[in-house]
Amino acid sequence: MTRLRHGEKRLSKINLTGKKVAIIGGGPAGMTAAYYLAKKGYETEVYERRARAGGMLSYGIPKYRLPQYIVDNEIEILKEIGGIKVYTNSNIKSVDDLKGKNYDAILIAIGATRGKRPPAYNKQWKNALDAVDFCKMACEGLTPKLGDTVTVYGGGNVGFDCARTAKKMGVGTVRIVCMEARDKMLADPEEINSALEENIEILTSRVITNIEESGDAVKSLSLSSIKSFKFTENGLELDMEENSAMTLTTDTLIFATGQQPELDDSFGIELVKSSFAKVDGMMKTNREGVFAAGDVIYGTKSVVDAIASGRQAAINIDKYLGGDGNIEETLFEREKLNPRIGTIDGFSKLARIDHFKNACDANAESIRCLQCDLRLDIQKVKYWVDAHFKSVKGVIK
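In terms of our numbering, the sequence shown is residues 1 to 397.
Keep in mind that the hints were calculated from the coordinates and are not lab data. Hints may contain errors.
Derived lysine to aspartate or glutamate pairs resembling EDC-like cross-links, with alpha carbons at most 20 Å apart [claimed, not checked]:
no., residue 1, residue 2
1, 85, 74
2, 20, 239
3, 184, 270
4, 167, 183
5, 20, 80
6, 123, 324
7, 284, 270
8, 168, 201
9, 284, 239
Using the sequences and the accompanying hints, generate a full structural model.
Printed below as a string of C-alpha cells:
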C-alpha cells in the first residue's frame, strides 16, 4: 500500500457482502487481514487496545527507523477502501466479549507483547525493564531514568533497538551481552555495525550467572564465557569456559530475551505453551469461527512474517465464509511506457540525442524497471566475471 502515498490511484470502495468479521489486534497481521477481507466485501471491525493501531510498528520499532507518520498514513489508506472500522482503546479480554455483535468470524491477532525473561530472573527490580516495555516508552516519547550505564541482555534486533535507543537518549556507556558468538548473532549485520559505530560495547558468548541486588534494584551482573549452548526439554544447557568469570556494574538492565502473547485461559480458546493460541492447518482455534494469526501462534518473527500470516488468515476466513479464497492483486498494472522524445534541438550536430525532454519522460521510462520479471531470475553475483549469461525467454540477462 505504500505506493498509494505517492499520488497513484487509490483503491476503489468495496461493495459489502453483509457478512462481518471482528479482528482483535491492530498490528501488521490484523490490519493486513482487515485489508484483504475488506477487499473481498466483508465488513471488518478491528479492536485495538492501545491509542493507535500499528502494533509493534507503532509501539516497538524505534522512531529513528520508522517515523510514526508513515504508519498512521498507511492505516488511513487502509480505512479509505471502505469496510474497515478501527476501534482504538478497546481491550478485548475474551472472545466472549464479542458475543451478541453478530460476527460471522473472529480473528485473534494480538501479537506477542509481553517480555519473557530467563526463569531465574523474573523478579521485578526497579531498574530492570523488559525490552518491549522500554521500546514502548521510547515510541511514546517517554525518557525513563536510565543512569550512566545500561546493559542489554540479548543479541537480537530488539536488543540492538534497545541499546541504540538508550545511546540516543544520552546514556554514556551502553553494552550488549549475548550468548551467541559473533558469527552466530541473531541481529542483522547492519545493526551490529551501526551499534559499533555508536560506541556500543558487544560482549558475545557470555551468560549472566548471577545478579547482585541492592535493595530492590540490580547492582551488578556476574558473567561467564561459554563455548556453546543449546535449549533442550530440560532447559538451557551451557558448555562453560573455565576461569572466565567477570563482574559488571550497571544502572539499568534491559532483558531482550524473548516475548510471548498476553493470553491465558480466560481468553476462551485452547492454548499451547501456556500463552500461544493453538490452531489447526487452517489457522482455526478450537472455537467455531475463531481464527488466529501472527505472533500469537508462533512467537516473535519479522513484520513481513506477520503480514504474510495475516494474509493467509484472510484467505482461510474467506473460504470459511463461503468465498473462493482468491485475494490476488496486481500492485502495478502493466502498460507499455514508450515516451515520445520528438524533435531535439541540435539534431544535425554531434550532440546526444538519447536523452529525455523532461523529468516526466525520464520517470515514465524508469518505472518500467518496476514491471520487470527478470528480477525474479537474476541472482546477485560477487564478481561479474563469474556470471554466466544466458537467454531468458528471448531476453539476455
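Do the alpha carbons of residue 20 and residue 80 lie within 20 Å of each other, as the hint requires?
holds, 18 Å
Is residue 184 close enough to residue 270, meaning Cα to Cα at most 20 Å?
Violated, at about 35 Å.
Pair hint residue 85 and residue 74, alpha-carbon separation not exceeding 20 Å
Distance of about 14 Å is within 20 Å: holds.
20 Å limit on alpha-carbon distance, applied to hinted pair residue 167 and residue 183
violated, 24 Å
Restraint check for residue 168 with residue 201, where alpha carbons must lie at most 20 Å apart
holds, 15 Å
For the pair we were handed, residue 123 and residue 324, check the Cα-Cα distance against 20 Å.
violated, 50 Å
For the pair we were handed, residue 284 and residue 239, check the Cα-Cα distance against 20 Å.
Not OK: residue 284 and residue 239 at ~41 Å, beyond 20 Å, violated.
Pair hint residue 20 and residue 239, alpha-carbon separation not exceeding 20 Å
The given pair, whose Cα atoms are some 54 Å apart, is violated under the 20 Å limit.
20 Å limit on alpha-carbon distance, applied to hinted pair residue 284 and residue 270
holds, 11 Å
Going down the numbered hints, you'll see the structure goes against 2, 3, 4, 6 and 9, while the others check out.
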